[in-house]
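Enquirer: These are the residues of each chain, in order.
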Amino acid sequence: MIELRNVSFSYPSDGRQQVKVIDDVSFSIQDNGFVGITGKIGSGKTTLCKLLCGLLKPSSGQILKEGRVALAMQFPESQIFENTVLKDVMFGPLNMGLPEEQARSVAEKSLESVGLDGSFFDRNPLRLSGGEKRRVALAGVLALNADIYVFDEPATGLDSRWHDSLFELLHRLNDSGKTVIIVSHSIDDIAENCRTLVYLEDGKVADFGNTADVIPRHRSLETRAMGFARRLASEGMEIDYTKAVTRKDLADLIASRIQFQG
Amino acid sequence: MIRDVTLGRYYRQDSFVHTLDPRTKLCGVAFLIAGIFISSSVISCIFTMLCIAALVWLSRVPLRYMVKGLLPIFVFLAVVAVLNIILVPNGVFRAILISLRVVEVIFASNLLCLSTRPREISNGVETGFSWMRHLKVPVHDLATIVSIAFTFIPILAEEARRILDAQTSRGLDMRKGGLVKKTKASVSVIIPMFVSAIERAENLAVAMESRLYGCGEPTRLHPLKYSYDDAAAYVCIFTYLLVVILMKVGRL
Ligand SMILES: Nc1ncnc2c1ncn2[C@@H]1O[C@H](COP(=O)(O)OP(=O)(O)O)[C@@H](O)[C@H]1O
Ligand SMILES: [Mg+2]
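In the order they appear, the protein sequences are chains A and B.
Counting from 1, one number per residue, gives the positions in the first sequence under our numbering.
Counting from 1, one number per residue, gives the positions in the second sequence under our numbering.
Extracted from the complex, chain A is given alone in its bound form (with noise of 0.2 angstroms):
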């Protein structure tokens, strides 16, 4: 569990006027959730993130935690620095003070849990290509083994190849008992993979909630699969297309009307 209670933050500034860049916010997040995280360029979304993990402290307020967090920054292939994959793998777990042998057992398991096989081990991370270097940073975090682990826009230029494993990864992490919170500005990868959605507006927390519910109730969070239902129903179909929030509902929706006249 991991709780905020009317955090906010600003960064210090050199005298001039101090902006808060997270403004009282509270919400709190259940073991083994699933939850999006998303707002505009600027709303917070990295702060928080930073807030969550440990990595900033809050100016004020109050952050809960039960267990572990561990946090994937955006672009976090520019941590890699070791000669050797698993090296660089093993960092973070040598580091929380696990004997060689174990450090190297983890390591291992994290690689082939994102997906790199053995083949993999002994190359230099500095030389793969972008996707293999997301996914050994990657691996490097998931090595932390942690209970909660954050994730800042993991999607952001990958391929849509990589983009569909990366997400099964993340529901893998999830039904394997981990919290998974993730970054995205990407309101389509959150209402197809989270649970629940935190959307910041100006490092305020505008609406929290069932992705399902909250997603209808914003004109700026409208899903692909929204759009198309609104074009539809414009078109003069009887479809409600607040409820077409992911593919899956719109193609209910359709298969339903379609049983219905058929």
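Wrong hints could be hidden among the right ones.
As the list claims (entries may be wrong) - Here are the computed lysine-lysine pairs in the DSSO-like style, where the Cα-Cα straight-line distance is at most 27 angstroms: (1) A/50 to B/176; (2) A/40 to A/243; (3) A/65 to A/204; (4) B/68 to B/136; (5) B/182 to A/87; (6) B/225 to A/87; (7) A/50 to B/182; (8) A/204 to A/50; (9) B/176 to A/57; (10) A/50 to A/20; (11) B/184 to A/50; (12) A/204 to A/20; (13) A/65 to A/20; (14) A/50 to B/68; (15) A/50 to B/181; (16) B/176 to A/87; (17) A/40 to A/204; (18) B/184 to A/65; (19) A/204 to A/57; (20) A/109 to A/87; (21) B/182 to A/57; (22) A/20 to B/68; (23) A/57 to B/68; (24) B/68 to B/176; (25) B/225 to A/109; (26) B/181 to A/87; (27) A/65 to A/50.
In case anyone wonders, no lab produced these hints; they're calculated from the structure.
With the hints as your guide, set chain B with the ligands onto chain A.
Expert: Chain B with the ligands alone, transformed into the frame defined by chain A:
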């Protein structure tokens, strides 16, 4: 330490110092540094200090802002001063004088960066040294290098912070452990820094070439022009250097 680098960052302000021609300021800093090296007495050191203080006041950059970015350097200076005091006979006096002069050099050059945009500095260097073109010196390229170096300081500082954050969340603790462990820890920040700096440099080079950098003599958007303020400033600069030289000659 890397978390708040103000060294070399421009501070926007509308002041006498900010609006001076960059050539004037470059010349001023050069003369100040020359003056600092010439002066070896307490009195001339204090005189230089007063001049710099006047400049800081004229530039209307908050002193707190200036000093904040210099803290690591002050730590370094303190160590050097202590070593001086311990190792050199009659060291206390010399240590203070030397540290004072280093601080003066740092303040003078820092003031230049705080009051002048990197673009202006490179423009000033280029225009001021344009006569060297006849000696086949690539003045424009050198000026571009200087200006890019300055623009990259805050970008690289930001990058360092990002990487430090990433490694910290992987359990890196810079404060823990002995020397070996600390060295190992800094490697995990320095190597990604090099990787990203080299990547940036490559991207920038390609971007510049694809926009025809080096295909001819570029024209200027803001050609430099001296004003009366600059004339006044030059008078002050020359007077300063003259006074310092006279102090030296007069053993004051
Ligand atoms: N290190 C920093 N220092 C000062 N201000 C910052 C810093 N990082 C972010 N900000 C400011 O905080 C606000 C929120 O930034 P961020 O959390 O990165 O937003 P998002 O991730 O939603 O795009 C922005 O206005 C940004 O300018
Ligand atoms: Mg962000």
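Enquirer: Mind listing which of the numbered hints don't hold for this structure, in increasing order?
Expert: 4, 6, 18, 25
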